[in-house]
Amino acid sequence: MKEKDRPSAPAHPAAHPARNMMAIAIAAAVTVPGLAIELGGFHPAPTLRALLFGLAIVGAAFLLSWAAEALQVDVSAGLALGLLALIAVLPEYIVDGTFAWRAAEDPRTRSTPSRT
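Under the numbering used here, the residues of the sequence shown are numbered 1 to 116, in order.
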């Protein structure tokens, strides 16, 4: 088979750095309205708020997955995925810890009824 008759291999995604940077910029820009709602005091209608937060979560998920993929260059794939999983569940642990802390200060905020 001649060289020109062979099908060309698809280009590696890293071969297009401008396109990669554009995708990262879009994902980062999508997270900005969610941050503005949470930190800036912007109070849209509940439907718009849910839509903006949903887009912010999707954008943050893309950024996290790209960061984990980039981390695999420096460390093993298992360690990169483990760190990604830890980052993904940390908010849940923080919420649980906050509920436990508040329940210790004020028993009325406990999740289980008291047996008195």
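Hint data in this document are derived by calculation from the structure and do not stem from the laboratory. Treat the hints loosely; a few may be bogus.
Per label pair, the in silico range of CB-to-CB distance [stated by the list, open to error]:
hint	residue 1	residue 2	range
1	43	71	32 to 38 Å
2	105	51	34 to 40 Å
3	41	63	22 to 28 Å
4	69	41	33 to 39 Å
5	89	23	24 to 30 Å
6	72	41	35 to 41 Å
7	20	85	21 to 27 Å
Glycine included, C-beta positions come from ideal geometry on N, C-alpha and C.
Here is what the structure says about each hint:
{"no.": "1", "hint": "43 / 71: 32 to 38 Å", "verdict": "holds, 37 Å"}
{"no.": "2", "hint": "105 / 51: 34 to 40 Å", "verdict": "holds, 35 Å"}
{"no.": "3", "hint": "41 / 63: 22 to 28 Å", "verdict": "holds, 24 Å"}
{"no.": "4", "hint": "69 / 41: 33 to 39 Å", "verdict": "holds, 35 Å"}
{"no.": "5", "hint": "89 / 23: 24 to 30 Å", "verdict": "holds, 26 Å"}
{"no.": "6", "hint": "72 / 41: 35 to 41 Å", "verdict": "holds, 39 Å"}
{"no.": "7", "hint": "20 / 85: 21 to 27 Å", "verdict": "holds, 24 Å"}
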